[in-house]
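Chains as they are written, first to last, in our numbering: chain A, 1 to 586; chain B, 1 to 355.
Hints are supplied without guarantee of correctness; some may be wrong.
Derived CB-CB ranges, DEER-like [as the list claims (entries may be wrong)]: (1) B:Trp-19 with A:Ala-336: 48 to 58 Å; (2) B:Ile-135 with A:Lys-399: 43 to 53 Å; (3) A:Phe-169 with B:Ile-103: 17 to 27 Å; (4) A:Phe-438 with B:Glu-7: 24 to 34 Å; (5) A:Phe-438 with B:Met-214: 50 to 60 Å; (6) B:Ala-143 with A:Ala-336: 32 to 42 Å; (7) B:Ile-123 with A:Ala-336: 46 to 56 Å; (8) A:Phe-438 with B:Gln-46: 56 to 66 Å.
List time: in silico DMTMM-like cross-link candidates among lysine to aspartate or glutamate, alpha-carbon distance up to 25 Å [said to hold, decoys possible]: (9) B:Lys-193 with B:Glu-183; (10) B:Lys-326 with A:Asp-371; (11) B:Lys-171 with A:Glu-44; (12) A:Lys-375 with B:Glu-183; (13) B:Lys-171 with A:Glu-35; (14) A:Lys-193 with A:Asp-371; (15) A:Lys-190 with B:Glu-183.
By construction, these hints were calculated from the structure, which means they are not laboratory data. Glycine included, C-beta positions come from ideal geometry on N, C-alpha and C.
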Amino acid sequence: MMNNTNKENSLWAAIKIGLLGGAVALFISLVGMAEVFSKRDVVEKTMTLGQFVLLAISVASGLLAARRTAALLDKPNTASQAAAGLIAGFFSAAILTLFVIIGAKINIRTVFLNASPGLYSMLTLNQGVSGVWILPAAGAVSGLLGALSLSLPNAVRRPLFHAILFIFFMALFSGLFRVVMINQSGFWEKTAKYLFSQTGMTRPGAAIFFALVVAISAFWSAKGQAIKTNVANLPKGRQIGLRVIAFAVIAFIALGLPLVSGAFIAQVIVIVALFILMGLGLNITLGFAGLLDLGFVAFYAIGAYTVGLLTSYGQYGLQHISFWAAIPLAVLVAMAAGFTLGLPVLGVRGDYLAIATLGFGEIVRLLAGSDFLAKYFGGPQGIIGIQKPCIGVLGEFTKVDVPRVCYSLFDAAKPGIELSTPQSIYYIAVASAILIAFVSWRLRESRLGRAWMAIREDEDVAEALGVNLIQTKLLAYMLGAAMAGLGGAIFATLIGSIFATSMQLIVSINVASLIIVGGMGSIPGVIVGAIALIGLPELLREVSEFRYLLYGATLIIMMLAKPEGLWPSKTTQRELHHLDAGTSAE
Amino acid sequence: MRTSISERALDAIVSGVLWGFRILIVLAIIIGTVLAIRAGTYTRAQWIDFVIFGVAQGSIYALIALGYTMVYGILRMINFAHGDIFMTGAFGAYFTATWLTKIGFTDRYPVLGLMIPILVAMIIATLIAMLVERIAYRPLRGAPRLVPLISAIGASFFLEYSFRGIFGPGKYAYPPINALEGEWVVLGIGILKVHVVVMVAAGIMMALLYTLVMYTKVGKAMRAVSENQDTAALMGIDVNKTIVSTFAIGAAMAGAAGVLFSLVYRQIDWFMGFTPGIKAFTAAVLGGIGNIPGAMVGGLVLGVFESVGPSLFLEGLGIIRPYQLKDVIAYTMLVMILLFRPSGILGERLTKQKA
């Protein structure tokens, strides 16, 4: 009797999981992702990305259902798990089938924009209504596979899982790899053509990647622990040596990549570098001192406008000084603004501070873009014609809208080095980011850094211990503002113009999110966060429409699954996992 | 306590700058107002129009602000996605109203034609808010305060861009109700019928909410949970259920506000929730967060200031195209209220532990 009810429960559980999966699949279709993804191949002429994603949902439903069954039943066996997977997989596709059938009868496109013929034909493999059986069949088979994968030994399952995940990412990025490799010509060009097609991977390419990842993953799961212990057992000097080598390799790639990658990727990398720079700045305010500043963009705007007004050769340019002289001024002005804006709001705590600073950010944007101040800041037209940095001597400013000529430092007749490409701005950004990383690393261990962290943990206790709240907070806020100003200044120079419309709240939220996703208070975390939240979406043109949708989902999932971030500082990690901290040897 | 000279100097600077800010803004308002009234650009009737529009707009802010204030009162959390809940309600109402107008129902029964979309909007907003609460907020209860805030920001993005994906990035024209075209003349003042409807509807909703919170069991549970969760749980209140119903009621108000907003502005899009959301939060802070009558007062004050302000003090100061700076008034008020009186106009009771 008992067993019987459990079986019913597990059936219902499987159906529920399947329906949930189906709801996700329906959402992906309605939001337009399925159709856009189906234009991109995972494996050429075999499977599109859209199919891959939908099947992955069915597989996942099957796997979850099988796992749930195993937990519900007294004596789980492979057959019942397989049945659960089959059922879940079927239901995960059944919702879409229902959708196709309804869509064929009634025109729901007046409400749901993406319920297009293209979507229907993608869901039925171009068979029309007669192809509705394909979906549930494919779903059931995928669910079954997912369930069966549960009974595979770990040593087999994990490499397979890694390989499939890798194939997915390769499919997303294949276009980029292809372009970069084809640019190199010769051997690389041939390899690229062998591995990648116009829209995805070729069959041999996919097979090679699959085999490669399976091999690496299997090797690592067999030997990884041993290698780790070996490295840990190495003498101290050798370990440092290894670190230096790893660091050198990363630095080499980071510095060399923009030179070989072509303009598009270089542009993306500059933006990532800028966000790293700003992230390091906000990391002081938010990560160290715990002040959530959603008005970060205000200082970014102030830095950008300062550089714009001081160096522009357009009609709003005031001083026509060089980039190098303007940068420190921009940082100082942003810092001063941080002081004046910070003073009144820093008495406000927590969430209130977030909203108050958000208000500041919006005020700055609205004022900069208004007609009221248009005679100073150009209003909606913005400031154009920002002088590019020049290594050498700048010629005299002659007239409006004519850039100043950059002469060589040694010979006034020869042209100097004008840093006008994204690549050259990239090095400026990287140099600044390294400087800021160094400063914040040193600050963190200083008396001031400890005062910040004390405030972050508990203001009242910190005050009772003799920390001057206003002074300490103000310093954090000003440093953050200064870095934001620097970021804005470099950004303005990179683009060559400033528009008030680009000073949106989203910039502040981007910077705050990348810190939190990377790991609050952690310097490598900022880099990881910037790459994950800024770099990847910029690179993935296919998903650019869904960028912020996925961004929102990522934020929620991160908070649910890993609130300490991808690369947390050791303290945060300990705090958030204080329950199991005792068992892990630190 | 040891205080060095530099620290004392800094304290002096801080209070100096603070007072400077306060005096500057008060002066700007007074001078602007005097100059604007002396310039006499607008007639008395126009000023009254501004005020009425402000009240209509403010009652919409008030409806949204209720959701913020109730959730903040219970969870001490800024529900950043609340503005987007408002947007989902507007979308639900749009499709219903368009359909009702198309089949001619709205023309035959204008009152039902108004009420059915409001009902649909409330239901949809409630369902979505409950879903968001279940997925993005509930698992994070008890986490450090930044964590649910970031999750809420994520939820806000997710909702906005889901709607953008599903319904497209364009603007939809909300179907007008023919019976509500034109004006009613009250005491010699012409008032747009739509504005009257908005004010009346918002008033009814708020009265209902107030009754619910003050005189029903659910409301009592809500107040108890917002006072102290643990004690409330010990008294046999289902804290989880109470929190969900708080979200649901707040969302229902926001959904109704979405319809009223669409009636006034006649168009909806996926991003329409952002600015009203922030302004409603401002209204909630203005009235004293966690305080239900406060949210209502705060909404009205904000609405009127925003509507009258550009012509009254900004134009008086010689600012051209002052309506561009309408939002600046709202944000300045937010910052000001946090500076002058962080407990808000009506807030007193809970500020110490919340702010």
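Cross-check of the supplied hints:
1. B:Trp-19 with A:Ala-336: 48 to 58 Å: violated, 19 Å
2. B:Ile-135 with A:Lys-399: 43 to 53 Å: violated, 60 Å
3. A:Phe-169 with B:Ile-103: 17 to 27 Å: violated, 49 Å
4. A:Phe-438 with B:Glu-7: 24 to 34 Å: holds, 29 Å
5. A:Phe-438 with B:Met-214: 50 to 60 Å: holds, 58 Å
6. B:Ala-143 with A:Ala-336: 32 to 42 Å: At roughly 36 Å between Cβ atoms, Ala-336 of chain A and Ala-143 of chain B fall inside 32 to 42 Å, so the hint holds.
7. B:Ile-123 with A:Ala-336: 46 to 56 Å: holds, 52 Å
8. A:Phe-438 with B:Gln-46: 56 to 66 Å: holds, 60 Å
9. B:Lys-193 with B:Glu-183: holds, 5 Å
10. B:Lys-326 with A:Asp-371: holds, 13 Å
11. B:Lys-171 with A:Glu-44: violated, 38 Å
12. A:Lys-375 with B:Glu-183: violated, 41 Å
13. B:Lys-171 with A:Glu-35: Answer holds: Lys-171 of chain B to Glu-35 of chain A is near 23 Å, not above 25 Å.
14. A:Lys-193 with A:Asp-371: Judged against 25 Å, a Cα distance of about 54 Å means the pair is violated.
15. A:Lys-190 with B:Glu-183: Violated: Lys-190 of chain A and Glu-183 of chain B sit about 74 Å apart, past 25 Å.
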